[in-house]
Amino acid sequence: MNFPAIITEKKLGHPLSDEAIATFVRGAADGSVPDYQLAALLMAIRLNGMDARETTTLTMEMARSGDMLHPDLGGMVVDKHSTGGVGDTTTLVLVPLCAACGAKIAKMSGRGLGHTGGTVDKMESIGMRTDLPEDEFLRQVREIGCAVVGQSAELAPADKTLYALRDTTSTVDSLPLIASSIMSKKLAAGAEGIVLDVKVGSGAIMPTYEGSLMLAQTMVEIGTRAGRHVSALLTGMNEPLGSHVGNRLEVKEAIEILRGESAGPLLTVSLRLGAQLLIASGLANTAAQGEKMLRAALEEGRGLEKLRQLIRAQGGDESVCDHPQVLADAPVIREIISDADGYIAAMDTMQIGYASLELGAGRKKKSDIIDPRVGFIVNARIGDHVACGQPLYTLYAADTDSAVRAEHMLRIAIHLSDHSVPPEKLLYALVTPEGVQTL
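For the sequence shown, this note's numbering gives the first residue as 1, with consecutive numbering after it.
Because the hints were derived from the structure by calculation, they are not lab data. Heads up, some of the hints might be wrong.
[What the hints assert, rightly or not] Between beta-carbon pairs, the in silico distance windows are:
hint : residue 1 : residue 2 : range
1    : Pro-433   : Asp-135   : 30 to 36 Å
2    : Ile-369   : Pro-422   : 39 to 45 Å
3    : Asp-329   : Arg-259   : 16 to 22 Å
4    : Tyr-36    : Gly-13    : 48 to 54 Å
5    : Asp-131   : Gly-260   : 29 to 35 Å
6    : Leu-427   : Asn-2     : 44 to 50 Å
7    : Ala-5     : Glu-154   : 27 to 33 Å
8    : Val-436   : Arg-411   : 36 to 42 Å
9    : Asn-2     : Arg-142   : 45 to 51 Å
10   : Ala-164   : Asn-379   : 18 to 24 Å
Given the structure is predicted, the values throughout are model-derived calculations rather than measurements. From the three backbone atoms N, C-alpha and C, an ideal C-beta is built for every residue, glycine too.
Kindly generate the complete structure, drawing on both the sequences and the hints.
Rendered as structure tokens:
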């Protein structure tokens, strides 16, 4: 088909035919359509949307654009995916905990997208390989119960191209593009059970509850139609989930949680998501039972040992499990001090995420090289009282200039009030094929 004509159809708000969508996906997968035309259609989709048929067709075409795995790993294969957030390090907490409970997790993760961090970037910051060949990927899951890799050239190659373009063309926040990207990779990788973490709030790709709920329902419906066990949790992103933001810093926080030295919202969400993974695996009957199993793995140190095995298997530096403090190693370290008394009433979490990009923890363009050392620790949360002179953040930067730019962004991202405010809501709803359960 004539590709400019396809762009025109969507630019005018018309639904695309199955043939047009197939042409789009094929062009992204094999390079026959140039990036500038792909980007034009992505923007037209972002502006005019897709209906349920278009979104499902796009998802299935993207899944079938490469290999479709059907792994036999001695148990039900499960995977988890987050729509992306700031300080969202759940994968590095829940994957080892769930594997320690007997789950088989074959996880495909992404790089940073927009203002959100990427698990692949975090893993590579400690030397882990994320480009495992399919046979090695599956063998590792058989042997230790888990593997976390980046998107291979063989699995959903169309999405790999479109994912990178979305990051640099301001088309990240499109429901059909988000849903098709996530679900195509999960379907292609062969996961039989899929748990989705759909973020809500100022740092989420879909900031409103209504938009996030629609996204969750769309993905659950796509997965269910494909014969998979799918559920989605809607979780809060009106402030960073963890206290650490930046690649090596986020690995540090995950290790400290598995060592029993830290807790908080990151652990809470990780346990809730992990419980759903254990249910999908057939290892737990209820969320309460699943959380109990995960807490036992945490308290007995089995989760930390599984993370050590995961790091070792993928060529990383497992010594960080014993000395996580070495991961806070940027050349410039400074505290950002509050210049007033008050209660933290709100955070612009997207602005906080973009501050990490300003430091070099993410990419502004496709060719950017990430600095794994940089980031910051958030020392107060919504609802906390801070005094004048109290540290709001601890900043880790490569140089003074980037530290100054990031400090300005971080300061204006926190809003103080004279009146106390409640802590931020963390858990909103559970979406299953049966409906929506408010939490």
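Hint-by-hint comparison with the structure:
Between Pro-433 and Asp-135 the Cβ separation comes to about 33 Å, which falls inside the hinted range of 30 to 36 Å. Taking 39 to 45 Å as the suggested C-beta distance range, the pair Ile-369 and Pro-422 conforms, at roughly 41 Å. As the Cβ distance of Asp-329 to Arg-259 is approximately 19 Å, the hint placing it in 16 to 22 Å holds. About 21 Å separates the C-beta atoms of Tyr-36 and Gly-13, a value inconsistent with the hinted range of 48 to 54 Å.
Under the hint 29 to 35 Å, the C-beta atoms of Asp-131 and Gly-260, about 32 Å apart, fit the expected range. Separated by about 48 Å at the C-beta atoms, Leu-427 and Asn-2 satisfy the suggested range of 44 to 50 Å. In this structure the hint that Ala-5 and Glu-154 lie 27 to 33 Å apart at CB holds, the actual value being about 31 Å. Taking 36 to 42 Å as the suggested C-beta distance range, the pair Val-436 and Arg-411 conforms, at roughly 38 Å.
At roughly 47 Å, the beta carbons of Asn-2 and Arg-142 sit within the given window of 45 to 51 Å. For the pair Ala-164 and Asn-379, the beta carbons lie near 34 Å from each other, so the given range of 18 to 24 Å is not met.
Violated hints, in rising order: 4 and 10; the structure is consistent with all others.
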